[in-house]
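There are 2 protein chains.
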Amino acid sequence: MKIYDWHIGVNPRRLRIFLAEKGIEVEYVEVGQKDRRLAPWYIEKYPHALVPMLELDDGACIGEVRAIAGYVEELHPDPPLLGRNARERAIVAMWEQRAYEEGLLAAAELFRNAHPAFIDRGLPGSADPIPQIPALCERARGRLGRFLRKFDAQLAENEFVAGPRWTLADATTLCAVDFAQRSDVTIPPECRNLARWHETVSARPSATA
Amino acid sequence: MKIYDWHIGVNPRRLRIFLAEKGIEVEYVEVGQKDRRLAPWYIEKYPHALVPMLELDDGACIGEVRAIAGYVEELHPDPPLLGRNARERAIVAMWEQRAYEEGLLAAAELFRNAHPAFIDRGLPGSADPIPQIPALCERARGRLGRFLRKFDAQLAENEFVAGPRWTLADATTLCAVDFAQRSDVTIPPECRNLARWHETVSARPSATA
Numbered sequence: 018m019k020i021y022d023w024h025i026g027v028n029p030r031r032l033r034i035f036l037a038e039k040g041i042e043v044e045y046v047e048v049g050q051k052d053r054r055l056a057p058w059y060i061e062k063y064p065h066a067l068v069p070m071l072e073l074d075d076g077a078c079i080g081e082v083r084a085i086a087g088y089v090e091e092l093h094p095d096p097p098l099l100g101r102n103a104r105e106r107a108i109v110a111m112w113e114q115r116a117y118e119e120g121l122l123a124a125a126e127l128f129r130n131a132h133p134a135f136i137d138r139g140l141p142g143s144a145d146p147i148p149q150i151p152a153l154c155e156r157a158r159g160r161l162g163r164f165l166r167k168f169d170a171q172l173a174e175n176e177f178v179a180g181p182r183w184t185l186a187d188a189t190t191l192c193a194v195d196f197a198q199r200s201d202v203t204i205p206p207e208c209r210n211l212a213r214w215h216e217t218v219s220a221r222p223s224a225t226a
Numbered sequence: 018m019k020i021y022d023w024h025i026g027v028n029p030r031r032l033r034i035f036l037a038e039k040g041i042e043v044e045y046v047e048v049g050q051k052d053r054r055l056a057p058w059y060i061e062k063y064p065h066a067l068v069p070m071l072e073l074d075d076g077a078c079i080g081e082v083r084a085i086a087g088y089v090e091e092l093h094p095d096p097p098l099l100g101r102n103a104r105e106r107a108i109v110a111m112w113e114q115r116a117y118e119e120g121l122l123a124a125a126e127l128f129r130n131a132h133p134a135f136i137d138r139g140l141p142g143s144a145d146p147i148p149q150i151p152a153l154c155e156r157a158r159g160r161l162g163r164f165l166r167k168f169d170a171q172l173a174e175n176e177f178v179a180g181p182r183w184t185l186a187d188a189t190t191l192c193a194v195d196f197a198q199r200s201d202v203t204i205p206p207e208c209r210n211l212a213r214w215h216e217t218v219s220a221r222p223s224a225t226a
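One line per chain: the protein sequences are A and B, in this order. So the first sequence is numbered by the working numbering: it starts at 18 and just counts up by one. So the second sequence is numbered by the working numbering: it starts at 18 and just counts up by one.
FYI, nobody ran anything at the bench for these hints, they're computed from the structure. Bear in mind that the values here come from a model prediction, so they are computed numbers and not experimental data. Hints may contain errors.
[As the list claims (entries may be wrong)] DEER-style ranges, computed between Cβ atoms:
| id | chain 1 | residue 1 | chain 2 | residue 2 | range |
| --- | --- | --- | --- | --- | --- |
| 1 | B | Arg-199 | A | Gly-159 | 18 to 28 Å |
| 2 | B | Asp-137 | A | Glu-42 | 18 to 28 Å |
| 3 | B | Glu-174 | A | Ala-220 | 39 to 49 Å |
| 4 | A | Pro-181 | B | Pro-206 | 51 to 61 Å |
C-beta: ideal position from N, C-alpha, C; glycine also.
Using the sequences plus the hints, can you model the full thing?
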């Protein structure tokens with residue numbers, strides 16, 4: 018199984034954590050360059066220009082963490098990390114999507130519109146710059162605050178994000194929380210359930226994958 | 018099966034189209050009010066305050082179209098609308114995610130930041146307004162232009178978005194294209210493959226579900 022990876026990326030980490038919890042051996046191919054851009058050969062190979070990406074033996078390129086995780090789960094069902102039955106899978110998918118949209122996309126919005134590296138940067142493979150919008154940073158901080166409080170409430174009643182077991186929803190939430198921290202948005206002191214959970218999942222070996 | 022629905026919403030339509038293609042009977046409960054806000058009782062019942070939502074017999078509330086669609090597909094596998102095997106399911110999930118993020122979220126960004134109804138509007142159930150950011154409209158138009166051209170290229174080589182069969186990726190793409198049109202972003206004349214596809218999928222009975 019060959020995964021195209023970028024060691025500094027958030028979505029690549031999200032998948033590496035999942036695969037580490039799954040306990041399977043994977044060949045990782047680094048596609049980020051020293052100038053913090055994707056290698057041109059990779060953009061040509063996979064024009065979506067996103068990481069991570071799974072290349073199948075027949076040459077098919079599968080992007081998107083959820084798509085790759087679902088494929089891996091079908092081939093290697095144990096341990097189940099997307100839920101053990103239809104009901105659990107639906108609950109995991111719901112919380113994973115909330116973590117992605119309210120947490121990870123909000124953290125990306127803040128980082129993308131605040132970090133100096135993106136001032137005159139366009140999409141990978143494109144020369145057209147996409148300007149930063151400072152007003153988006155403030156909005157993203159609000160989104161992240163709501164995300165952290167919502168997940169704190171969920172973790173008051175659940176050991177993990179989607180119930181009593183570790184799932185992909187925990188990988189996505191962990192990546193979102195840690196990504197927000199790179200823009201100085203940290204877990205508020207009153208969010209004790211989230212802090213307890215963060216300590217627990219960060220101590221698992223998968224967190225450093 | 019009881020679905021909480023808002024007839025004017027884009028994600029509710031995305032699910033209704035999927036369920037119509039699946040051919041199963043569903044009880045829909047309208048949760049939108051005449052003032053174009055969610056009913057307070059619904060926000061209390063489902064604090065994510067999002068539609069659509071599937072309520073299971075045991076009272077569990079499942080939100081997110083993909084989560085609901087996955088659940089329905091497990092209970093009613095025929096016709097398969099998320100792919101027929103692990104490889105197809107991965108490809109459908111990838112394209113569905115791209116349609117959602119590059120198409121539907123971009124169209125929502127444009128609509129949310131341009132439409133007068135959202136000038137002083139906050140999140141459902143919240144009194145805090147989230148101001149519009151006019152610069153986002155221009156950026157969203159750029160995103161939508163790239164989305165339409167990318168999917169046109171994909172549809173040059175595929176009858177449907179994720180291959181030779183109709184899948185959830187087509188529902189999401191159709192909802193994104195039609196939602197963009199509400200902000201006057203239409204299919205460019207040179208995108209003939211996308212136009213051909215749009216005519217085909219719009220003619221299916223599910224499109225008016």
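Tested hints:
Our hint of 18 to 28 Å for Arg-199/B and Gly-159/A holds, since their Cβ atoms are close to 26 Å apart. For Asp-137/B and Glu-42/A, the Cβ-Cβ distance of about 54 Å falls outside the hinted range of 18 to 28 Å, so the restraint is violated. Between Glu-174/B and Ala-220/A the CB atoms are about 47 Å apart, so this pair conforms to the stated range of 39 to 49 Å. Against the hinted window of 51 to 61 Å, the Cβ-Cβ separation of Pro-181/A and Pro-206/B comes to about 55 Å, which satisfies the hint.
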